[in-house]
Amino acid sequence: MTRDVTIAGYLAIVALMLALEIYAQRKPDRVAPLDDMLAQVMTSRIIRVGIIAAWWWFGWHFLFASTV
Amino acid sequence: MFWTIGLAIIASLAFWRGAWVDGILFALLVAMLVVDELTGGRIRLLKRPVTAPKWLILSITGALGAFLVVAPRHSWFHLLGMIVVGVTVLLLAWVPDPPRPGRPASATRASAVAWSVLAAMLCLWEALAFILSRTSPAAEQEFPTVSFLLDPFVSKPVGHIIFVGLWLLGGLGLLRVWSRP
Numbered sequence: 402m403t404r405d406v407t408i409a410g411y412l413a414i415v416a417l418m419l420a421l422e423i424y425a426q427r428k429p430d431r432v433a434p435l436d437d438m439l440a441q442v443m444t445s446r447i448i449r450v451g452i453i454a455a456w457w458w459f460g461w462h463f464l465f466a467s468t469v
Numbered sequence: 003m004f005w006t007i008g009l010a011i012i013a014s015l016a017f018w019r020g021a022w023v024d025g026i027l028f029a030l031l032v033a034m035l036v037v038d039e040l041t042g043g044r045i046r047l048l049k050r051p052v053t054a055p056k057w058l059i060l061s062i063t064g065a066l067g068a069f070l071v072v073a074p075r076h077s078w079f080h081l082l083g084m085i086v087v088g089v090t091v092l093l094l095a096w097v098p099d100p101p102r103p104g105r106p107a108s109a110t111r112a113s114a115v116a117w118s119v120l121a122a123m124l125c126l127w128e129a130l131a132f133i134l135s136r137t138s139p140a141a142e143q144e145f146p147t148v149s150f151l152l153d154p155f156v157s158k159p160v161g162h163i164i165f166v167g168l169w170l171l172g173g174l175g176l177l178r179v180w181s182r183p
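If you're matching them up, the sequences are chains L and W in order.
When you line the first sequence up against this note's numbering, it's residues 402 to 469, in that order.
When you line the second sequence up against this note's numbering, it's residues 3 to 183, in that order.
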């Protein structure tokens, strides 16, 4: 039961992300699509390095480091 | 400042869950960003932004992807590959993208806030699952983390290929190396 609730929580958040992106694609002047938003915020070095570091860590975590 | 604090929290969480290497890497990155901020952006890793033809970038990425797919997971080959990727992307990411015309500022702000809230929700849910999964051996199954759920898929050869492919494509998309002037 708790396992299903935990997984449902992840899926709900992913569903919200998809809904947000679909809404942004339809109303880009109200909410910028993810790609456009990233292009704007990544003009800052700290944000750019932070996002790239998070991306790199994701690969590091699954490919080399212990995953649990 | 907000992002530096965020990265510092990630480093602290890595130390807290016993991932010392992850913690040290993020702590070093935070230190580098703080020094760069305090010195007015004087740390220069490259003399000028790197540009390369799309075919060359895709060829190198493809070769790297093949190496990461062929090498067994958690091996020293993967460590080598991840170090090469890490150093390369740090060099490329250090030079920020030039500003380009985009959506209205209010739309960008709304999008950034919404994505930040959703990302924070995912991190909190994952952290809660991680804490609860440590309460007993059986709890690991009852409160699975994202890693726990994805690991069996990535362990399979097909899953390994898909993960490496999507991960590298995601990195290329974030860096946008070939679209730079």
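Calculated from the structure, these hints are not laboratory results.
Values in this document were obtained by computation on a predicted structure and should not be read as measured data.
It is possible that part of the hints are untrue.
Beta-carbon label-pair distances, calculated as ranges [what the hints assert, rightly or not]:
(1) Pro100/W <-> Phe459/L: 22 to 28 angstroms
(2) Pro429/L <-> Arg50/W: 43 to 49 angstroms
(3) Pro100/W <-> Met402/L: 35 to 41 angstroms
Stretch by stretch, here's where chain W covers chain L in the computed footprint (C-beta under 8 angstroms, at least three residues) [to be verified]:
(4) 402–408
(5) 448–454
Glycine is no exception: its CB is placed at the ideal position from the N, C-alpha and C atoms.
Outcome of the hint check:
1. Pro100/W <-> Phe459/L: 22 to 28 angstroms: At 26 angstroms between Cβs, range holds.
2. Pro429/L <-> Arg50/W: 43 to 49 angstroms: Given range 43 to 49 angstroms: violated, Cβ gap about 33 angstroms.
3. Pro100/W <-> Met402/L: 35 to 41 angstroms: 52 angstroms, violated
4. 402–408: Per the Cβ count (4), the hint holds.
5. 448–454: holds (count 7)
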